[in-house]
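Sequences listed follow chains A and B, in order. Position 104 of the first sequence, counting from 1, maps to 104 under our numbering, and the rest follow consecutively. Position 109 of the second sequence, counting from 1, maps to 109 under our numbering, and the rest follow consecutively.
Since the hints were made in silico from the structure, they are not lab data. Beta carbons: idealized from backbone N, C-alpha and C, even for Gly. Please note: incorrect hints may appear among the correct ones.
Unchecked claim - Which chain A residues face chain B? A few, computed with CB under 10 Å, are given here:
1) Leu-10
2) Leu-14
3) His-95
4) Ile-97
5) Val-99
6) Ile-135
7) Lys-136
8) Phe-142
9) Trp-167
10) Asp-176
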Amino acid sequence: MKDTDIKRLLYTHLLCIFSIILSICIPSFFLENFSILETHLTWLCICSVFVTAVNLVLYLIVKPNASSKRSSISYKVTRFLKCCIYFLMSCFFFHVIFVLYGAPLIELVLETFLFAVILSTFTTVPCLCLLGPNIKAWLRVFSRNGVTSIWENSLQITTISSFIGTWLGAFPIPLDWERPWQVWPISCTLGATFGYVAGLVISPLWIYWNRKQLTYKNN
Amino acid sequence: MRLGSGAFAACCVVIEVLGVALFLRGFFPAPVRSSSRAEQRAEPAAPEPSAGASSNWTKLPPPLFKKVVIMLIDGLRDDFVFGSKGVKFMPYTTYLVEKGASHSFVAEAKLPTVTMPRIKALMTGSLPGFIDVVRNLNSPELLEDNVITQAKAAGKRIIFYGDETWVKLFPKHFVEYDGTTSFFVSDYTEVDDNVTRHLDKVLKRGDWDMLILHYLGLDHIGHVSGPSSPLIGHKLREMDSILMKIHTSLLSEERETLVPNLLVLCGDHGMSETGGHGASSMEELNTALILISSAFERKPGDIRRPKHVQQTDLAATLAIGLGLPIPGNSVGSLLFPTVEGRPVREQLRFLHLNAVQLSKLLQENVPSYEKEPGFEQFKMSERLHGNWIRLYLEENNSEVLFNLGAKVRRQYLDALRTLSLSLSRQVAQYDIYSMLVGTVVVLEVLSLLLLSIPEALSNKAELEVPLWSPVFSLLFYLTLLVLSALHVIVCTSAESSCYFCGLSWLTAGGVMVLVSALLCAVVSALAKTFGDGKFLSKNPAHPKPRWSELDVLILLGTMGHVLSLGASSFIEEEHQTWYFLINTLCLALCHEIYRNCLLRDDSEPQQCPHVEEEFIRTAAALQDRSTGCDTLEPHGVSRSLTSLDTLRGYEKWMVLASPWVILTCCRLLRSLNQTGVQWAHRPDLGHWLTSSDHKAELSVLTALSLIVIFALVQRKCSLTSKVALALGLLGVYCYRAAIGNVLFPWQRDSKDISKGVIEARFVHVFVLGILFTGTKDLLKSQVIATDVTIKTVGLWEIYSGLVLLAALLFRPHNLPVLVFSLLIQTIMTKFIWKPLRHDAAEITIMHYWFGQAFFYFQGNSNNIATVDISAGFVGLDTYIEVPAVFLTAFATFAGPVLWASHLVSFLSSETSSGSALSHACFCYALICSFPVSAYIILVTSLRYHLFIWSVFSPKLLYEGMHILITAAICVFFTAMDQTNTKS
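Excised from the complex, chain B in its bound form:
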């Protein structure tokens, strides 16, 4: 079957997406789980160990506290309480920490430092897997065993106010709740007022056992203006007064009932120096944790540095404190100071319960659990504990009892620490088999793409795809047989769970058929290449075309970028790589232009006509002389000279100046958003613009940007879409004014902030309208099949619809990114690509490079924290999954997508040849799949690297998303190409 190279490439990328998805599924391990689910946990609590004499204490110990209030402040990092800020802004808390009856800790959060996984960790005591970040948006119900479910089962009445995530995690658990949504980051007063307003009423009532408050304001301030902003101080003072209110009310109640209550102040994650979170800097990991209760001893003058504990320890402590069974998946150990005031027998009982739970979890997750040091320690202390109980029941000498008790306690604490450590290290193993299958698929596709370069980039842009012959070949059946045998062996002998084995036989069989078919295709392509190689060596008639400097640069740049992915610093600072590459690209273009312009006078016919062939095309040129006849472009240097000759004076100067204009634009954009890790804290224009003092400047800039966007985009649109575009851009400004980013000139003070749903929907309508007009034009061009201009207009309209959508979704200070992107595209089109007549492959790769650079110019990085999730809520009242995910993905990848769609419209309007689009599609697929495949291998080999979770995994997710978007783009390319060939 003959396929166009564009369609071929699109198929390849789609298959590659499958491979990458399989790899990702295997790479992100499922977290440590106890096999029993929450519902089935009716088993009785472990009885007290006894040696000989039987102990009669088999029930769970009674609760230590009557009421528990958990005050969770989002983003409360440790130095906000224990540092100078705490002393300054939280006087009451500081008093409690230093002199009151409290225990304070620095609780260390684990990755990812994002709210939902952290809530899960706090309440289940387990370590949520990395993949939970992705599910952060539509947090489904928490089915794992956790403190809240246990409390509800025990008949406790729980009240919750604060972040909605809790309501989604624990539906029907709260007798009363009020969820606030966390997606309007710019609002940091109302979210908290919505929580506090219930407080007075609730504290007076006595009909609850557990009150949970989740304050979001601090985190929002951090996102908007960073941890050193003066707003932080105000917010901390507000939190301090709330804490005081709760504490005094609890104390006054205790005076009546004489049963102690517990107040927990904690943070879910910290805050980096730029105000974000999600990564693994110390500031993001360390949170404050303070337990306040009159049951604790007062310790006047005892100012020690708070101890470092794990965040997961809270779940076990809460369970013990409330007299509940410890959640089954909890890897935390009891915070011992909380039970220090109890009698020794109770203390030991609590420790024993915790140790039993941890050792059970260890037994379920580690095959050789008996050899674990923690387990041995546990067994020993259990034996000692039994001895102690016997002595105790015999009412032996009190001093011996006391000494033995202290020893047992020490033993238990050691055992707990070791068990907890080995469990948290035991985040389940990688699913190597699924990873391997995914990698094999991706690599086969990549080699197929590489091998078909010469054919696919030939003038006909078609290639023979042997679709049926492999099915009948012996190799295919042999491979299939071997693979199935392997599959059976692996799946029957696997100890750990394996995703690919869990698939149904039909699906797994399908994947295996795919793998072996691809193998056959690769082998046949290889054979063909070698056969042709022999044929070619016989007639060395053609001179070897030399590569131009630009081609060498493009090749080396691509290779260098792929190699740089092996170093964690280069991944963190990948934007620097791209900025560096596009700068170099501009300078190389500059060199080419100047050489062509200035050397024209004294360039005699050159001795060696250097063929400006794209590096990939060299092979194509060699192979395709027989079909010959380069219809699309004439050869040699003369062509670029003549094209530059025809330019008039003004245009020539513009051509000469254009690289410098582009370089300046890039430099300006670079200082707009500082991203990455090392230099992310540097002041940048973006922060300056978004600070509330510079609203007027931001308004002017936004208005100006929108006008320039209109001026640049409207040139090639039809009249209808011109009007729609203008109205849409107007709507964008209204939307920004409505959500309080910018001001209207007549509006002095910022009025109340709304979600701007109506304005945003207004713009959405125009986006859809423009896209619809574009599609209509494209269909028309297909039917009428005479007018090329209709198709050009249609493509441009689709492009402008996307631009409008991006203008709506971008962060307010990022509109200049869009403007400069349009400006650079216009300049490149007019003054560089057209006069210099680069070929389709070169133009594609330049588009790809610029697209990548603009991904980072937007302020993105290879870190989950920089994804702007608020883009998913533009024009939506509530969270609806599909549009929210789509909008967020588009806003994040707007740079690459816009450049790719510009590429389509540019190629279909500028080049006369039919094969340009399919060449471009092929190159785009190749250049996108190359880094992904290399990165998959790199990540597999680096899977035990220290930074695998903080640096490499987020990048892997970005790469997975990128290949998905590339697949969509390639399919779009192919669709355009099909209409082209039909017309």
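Extracted from the complex, chain A is given alone in its bound form:
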């Protein structure tokens, strides 16, 4: 593990944060009366698209694990399709979990689903980019002492912090402050976004501080 790796990690993460900021700023030039709270669903879509695009581009440029030997077109296509299916499945999975947590079953379905989409964007998309459609690898990364590189380590941190952000985001809902952002699912999506950004910021720093202690199996 070298410092250059950490630097690359930091730059990619900064780009991701930048993409989120762009998703807030750019639409207001094109769309009238765009704001995060009032046209929340539009923002969710735009943010999700931006973050996905940036993640894909970064993955193609940086190639953190340049491993796969078979690189025929058909293999890549099936892999890509598999990723898409996984993404959709994770959206539905999150949707189900939100309903289990008490989200309304029939009303506000679109809101809940878009919330699931944005959470999948923050968590599943980086996983798919880095690990591919391989559940075992995912489980390995998310269990204790399972990470094998700084990329996986940062993935672990950002994903967990997005989840924690979402989880904490549900707390203000019962409070009687009557603010516009307490409406389902705005506080949760904002929580997820803050968690994701926090994860992006924290993970390079954390890895940098702990670079002496971190030893990975493969390198």
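Based on the hints, put chain B in the right spot on chain A.
For chain B alone, kept in the frame of chain A given last:
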């Protein structure tokens, strides 16, 4: 003395209950009282003030009305009369309000909006304390000065029909009465017919002066189907026709006697949007109040919005109207429009009487009453009044007299308003000293529990309790001395009354000995911990065991819940916290299971064996290596892997699916009862099931639930109790059919509804039988001392007896809660706790969490209104205090109690180690007493919060009850543990 940690914890919780009781006594202040009791009030009425020339009017003014009829409709909120519903369903009342000789008001009730305190407020004019809610059930005789007692003393003949509460409040006051009981909420026609049937007869007779009618039907409809139900309209129309009947009969009588009568239509409290009451929403506080009399001016076309007044104002008005002295504790002011038609001298006289009474009450309750603005205003208007009287007696210029009279009247009204306001704000202060003593006891117990964690959760599960050494230590005597000195100083200098000072010296001394002994114990435990800490730091041989994710979650969840109690919204919506926590718990369990199952193949011996030690046990493990030898469970990850390895294919799939099944169950239960405040009005399955259109569905569901309950519970029972259980469950269905909740398939129309006493008693017999069999088995296991299975069976039988009792007491639509609770317990036992081999502490805390969640799944909330008091009357003919209180408490806390008893039977059957039960008892005590102690401190610091009465106080009562039940559970645990160690 060495004590098992279970016994130690039980003792601690019992002491804590004492502390909490003391705190509660200090926290709920006694209401504003006049020092003179009702009997002693023979003092003459205040004479008219006079300046110089003496006035000859010293007697009470004569009554304004000959007869008074009070028609009290339970739950009559203001918009039922003044809103669109009133226009639609109460045409006669609307006519009277708009065009007739009447005065209409919106009377604002104070908390708690429950019937008995409201009746008291209406009749005494005082503000009953919050604690009156608790006494609501066995309303004792009202000893305070009130209108009814005064009327009786004045020789008025009073007749009463309606809610029994009145008969209990005013025994021997009525020459004729017929009480109806208010506990069969599902009946809303007969309660009112029982009142109305007397009406024709009574109205024809002329031998009474006061008639009180209390109609319960409207409130019952509200409880069953809410304020927007079509039944409300029917009921209002019925009430309207009754009002018309009374009014016409009074009018026809007036034509003969030429003396005006008074008809009062009022509500005691309102009705929330869900149909309950007890809290402080506007709908619950605002009630209609209409005074109708031919003495009032007609005001055609004068449609104003009714004025807002206080409910307590009625007592003073009634007293004036009947020519009685105003009740001494009344904080209300006269409703001036009622005397507007009288001559000015009388008007001023009435106002003066009221002001004198209020200022006297102020003098008795406020030390610095002379500085109160109301008192100054009163003195000034009294002086002016005297001047007016002098002018009047001198028969001065009429215009000057009139102008001065108007000024005096205005002054008096201002003074009355200010006095009344400052009195109702002056609900007596908190008894800080008692609160402090209670808090100190609770905190000392909590710190003792916290400090003894390492020892109590060690493998031996025993700890040294220094019982005698503190008694001889210097610290003990010093503390005792200081405390007694403090006690003397506080009690001799206290201005307001103090409960703890009122105790006898022996009791107070006992409490002080307890406080100082606990202090010594805490200090010695602290010293021991620090000594051990030094010892430990010397040999850092043991690696620090890491906490698993589950432990972190449990710790954070507990802390988070305690912190959330500081916000009123989180208390109102506490169910959301628990649902959220158990969902997260299930997902964490799911993660653990999947990791263990799926990663088995490629998990090489891991670098860091992560020890699945409960967070509390970490310290224990550190300390107890010397006694070492973890007999109860092997260490490391390997153990959970091996246990999962042995599972066959089908079971493995069940293990994988179980968290999702549990999550689905919880989601279904969540939509069964909407509770809390913000989302309580949402439609839920419970309301859908209980509506009368869906009786067939409810019957099928009930039958199905009972069958599933039998299937789930009977597995581990002996044959006798199996039969008893089956018959008992059958009896439950018969009971529900008898009270009209469900139907038999052969029964087409619902026949007449009975109380179902026989059926309920039938079930009670089987409950007692099963409990008795269980106890017998437990005793046998103690005597024979060889067979562990007998004990397991016995515990399970006690558990199933409780399940049967809960099935009987639950609301009809709540049987699925019981079913899902049993289902989740079975799934957790089979597929999660056994294969993953959690330790006793973790299992205890999970049980506690689920118990709390099920408390809310039942439809409870932190609001008094959701307590199902009808459960206290199952199988009883009349109200008998002890069983009624016991049954209500059990029905309310059925969730936590059932989970706790499942915990006992699970631990004693599954774990081989002897210390599991005492560990569990200790953890249970700790985790229950932690929120209580934190909440006591929170409430003390928030005691001037706006929502202290509506949100924090009910929660405090719930917490007090919870710690009491926890104490009972811990004692039961310890008893089981004792039999265990003996065998």
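Outcome of the hint check:
no.: 1; hint: Leu-10; in the structure: violated (28 Å)
no.: 2; hint: Leu-14; in the structure: violated (30 Å)
no.: 3; hint: His-95; in the structure: violated (13 Å)
no.: 4; hint: Ile-97; in the structure: holds (7 Å)
no.: 5; hint: Val-99; in the structure: holds (7 Å)
no.: 6; hint: Ile-135; in the structure: holds (8 Å)
no.: 7; hint: Lys-136; in the structure: holds (7 Å)
no.: 8; hint: Phe-142; in the structure: holds (8 Å)
no.: 9; hint: Trp-167; in the structure: holds (7 Å)
no.: 10; hint: Asp-176; in the structure: holds (5 Å)
Going down the numbered hints, you'll see the structure goes against 1, 2 and 3, while the others check out.
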